[in-house]
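A.B. asks: One line per chain: the protein sequences are U and X, in this order. Sequential numbering from 1 applies to the first sequence in the working numbering. Sequential numbering from 69 applies to the second sequence in the working numbering.
Incorrect hints may appear among the rest.
Unchecked claim - Using 30 angstroms as the maximum straight-line C-alpha spacing, the simulated BS3-like pairs for lysine-lysine come out as follows:
no.	chain 1	residue 1	chain 2	residue 2
1	X	Lys72	X	Lys134
2	X	Lys134	U	Lys49
3	U	Lys6	U	Lys49
4	U	Lys49	X	Lys70
5	X	Lys135	X	Lys70
6	X	Lys134	U	Lys6
7	X	Lys135	U	Lys49
8	X	Lys135	X	Lys72
9	X	Lys70	X	Lys134
10	U	Lys49	X	Lys72
11	X	Lys70	U	Lys6
Derived from the structure by calculation, the hints contain no laboratory data.
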Amino acid sequence: MRPNLKLARIGRECVACGCCASVCPRQAIRIAGGVIARVDPALCVGCGKCAAVCPAAVITIEAREVQA
Amino acid sequence: MKQKHWYDYLWIGELAYLVLGLFNILFAWLGMLFFTIPLLVALFGGSKAYCNRYCGRGQLLNLLGKKLSRNQPPPRFLRSRWFRYGFLTFFMVMFGRMLYQTYQVFAGMPLRQAVTLLWVFRLPWQWPDVSMASPWAAQYAYGVFSIMLTSTLLGFVTMLLFRPRSWCVYCPMGTMTQGICQLKHRKEDLVHGDGAESPADR
Numbered sequence: 001m002r003p004n005l006k007l008a009r010i011g012r013e014c015v016a017c018g019c020c021a022s023v024c025p026r027q028a029i030r031i032a033g034g035v036i037a038r039v040d041p042a043l044c045v046g047c048g049k050c051a052a053v054c055p056a057a058v059i060t061i062e063a064r065e066v067q068a
Numbered sequence: 069m070k071q072k073h074w075y076d077y078l079w080i081g082e083l084a085y086l087v088l089g090l091f092n093i094l095f096a097w098l099g100m101l102f103f104t105i106p107l108l109v110a111l112f113g114g115s116k117a118y119c120n121r122y123c124g125r126g127q128l129l130n131l132l133g134k135k136l137s138r139n140q141p142p143p144r145f146l147r148s149r150w151f152r153y154g155f156l157t158f159f160m161v162m163f164g165r166m167l168y169q170t171y172q173v174f175a176g177m178p179l180r181q182a183v184t185l186l187w188v189f190r191l192p193w194q195w196p197d198v199s200m201a202s203p204w205a206a207q208y209a210y211g212v213f214s215i216m217l218t219s220t221l222l223g224f225v226t227m228l229l230f231r232p233r234s235w236c237v238y239c240p241m242g243t244m245t246q247g248i249c250q251l252k253h254r255k256e257d258l259v260h261g262d263g264a265e266s267p268a269d270r
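Chain X extracted, bound-state conformation (with noise of 0.2 angstroms):
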């Protein structure tokens, strides 16, 4: 049996990140790590370490998988090009209308208390107070939420039609860091003429 290591373990994380959310709305901003760690990973170690190795969210998929998955072949489409960088793009959009909700309510609209599945259905949710918060502070948190959310439903739905984690296959994070990866390899080839390897896969 493989030998279990303390990032086996970061799927606890991701599953306290959403129960903490649903009881103050503010823990969502821990969703900025999710999304900047692999980034910065794969900016300056030139991997995707994360995606390999830390993404709690892929080991969640896994564990629940094991039990609940079909484990059926995903169609083709989705691990085409179109579709991995359609989902990206999109996913972009929304994340950029996010921001401007936000920069809106900074600006002296009223806050919007809703986390959105999907980005249409409005989640039947009581959500405690958060005056203790700028309103715009408040503002994003409901929308990283939803992201995270809507995110995790996707992946929940491709886990259950598909293989435990076939998230992995559209995941947005994944898509951009294997681009920033590709980009980062292409240009070490031209200086060094070597392989993509980076310190970082060894």
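Here chain U stands alone, though its shape is the one from the complex (with noise of 0.2 angstroms):
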């Protein structure tokens, strides 16, 4: 199996919307308190599914730190 080398970040200007937790096929993602949304790092498996559809374009695929 490949090793998941990237994930997705979401920023702060995130307007908690939800759109990325609906098409989330993995449900790594939730919307902390109506706030911002919260990725999961062990669920995600950055398939970019979230960014495609924020209205606000603030979620990024990037790639994991790899830990030495």
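Hints given; two lone chains; assemble the complex.
C.D. replies: This is the structure we're talking about:
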């Protein structure tokens, strides 16, 4: 199995609309306290579906930090 | 494929609201649900569950956007704090003006049977008779329907130009409920010292 090297990152300007959470195939995103979307790094596979639908365009797919 | 729930069909209610209002303006009063439910959910539930799951307008824009949207990222200013709170302030001023007009009719001024789009353009429509209701109740209905049609039009235009749910970025109700949640959780953090998470999120 290939290692999961990417991760969704939510920007601070998130409007907490929940579009990302509704399309996430791994249920890796939740809207914390109606304030901001949060990604569970253990579940996120970096597929980018959330970034494609985010109406505020605040989600980026970034490389995971590899621990030495 | 994701399993559908009853709340995935709330867009039908939004569509029905817009159509029913054209046939009897008093149906516009139902629009109060779209204002009060998100506020109550934010105030007592401490979440944006309404936006996240139950917003019929968001669902409708999503459905239409699948076919019609250019799917382009919106300009940066749209998500900026000053624009979102500025738009909320503008909307509240317009809402206040609408309440004042309702009061004027209550106080004896004649009913102004008009729905305006973008606060300026009068919708060319032959509005059915509303003499069965108090004039002030009818005036309020005209005002609410003007707000609902205007915001739907703005949502539709930004859906076409940017991403399907671009309206959610500057929706005054969304901005207000997010602000309430921010205040609420900041207070809870002070009391309990835990993160911004409410039972409604789980």
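A.B. asks: A separate judgement is required for each hint: does it hold in the structure or not?
C.D. replies: Here's how the hints hold up against the structure:
At most 30 angstroms may separate the alpha-carbon atoms for a hinted pair to count; lysine 72 of chain X and lysine 134 of chain X meet this at roughly 17 angstroms. A distance of roughly 14 angstroms separates the Cα atoms of lysine 134 of chain X and lysine 49 of chain U; the hinted pair therefore holds under the 30 angstroms criterion. Taking the CA atoms of lysine 6 of chain U and lysine 49 of chain U, the gap is near 13 angstroms; set against the 30 angstroms cutoff, the hint holds. Restraint check for lysine 49 of chain U and lysine 70 of chain X: satisfied, since their Cα atoms lie roughly 14 angstroms apart, inside the 30 angstroms limit.
In summary, the hint linking lysine 135 of chain X to lysine 70 of chain X is supported, as the alpha carbons are separated by about 20 angstroms, within the 30 angstroms threshold. Simply put, lysine 134 of chain X and lysine 6 of chain U have alpha-carbon atoms about 26 angstroms apart, close enough for the 30 angstroms limit, and the pair holds. Distance hint between lysine 135 of chain X and lysine 49 of chain U is fulfilled; the C-alpha atoms sit about 17 angstroms from each other, no more than 30 angstroms. Between lysine 135 of chain X and lysine 72 of chain X the CA atoms are separated by roughly 20 angstroms; this keeps the pair inside 30 angstroms, and the hint holds.
Restraint check for lysine 70 of chain X and lysine 134 of chain X: the C-alpha separation of about 17 angstroms stays at or below 30 angstroms, so the hint holds. The suggested pairing of lysine 49 of chain U with lysine 72 of chain X holds, with an alpha-carbon distance near 19 angstroms, which does not exceed 30 angstroms. A hinted pair counts as satisfied when its Cα atoms are at most 30 angstroms apart, and lysine 70 of chain X with lysine 6 of chain U qualifies at roughly 24 angstroms.
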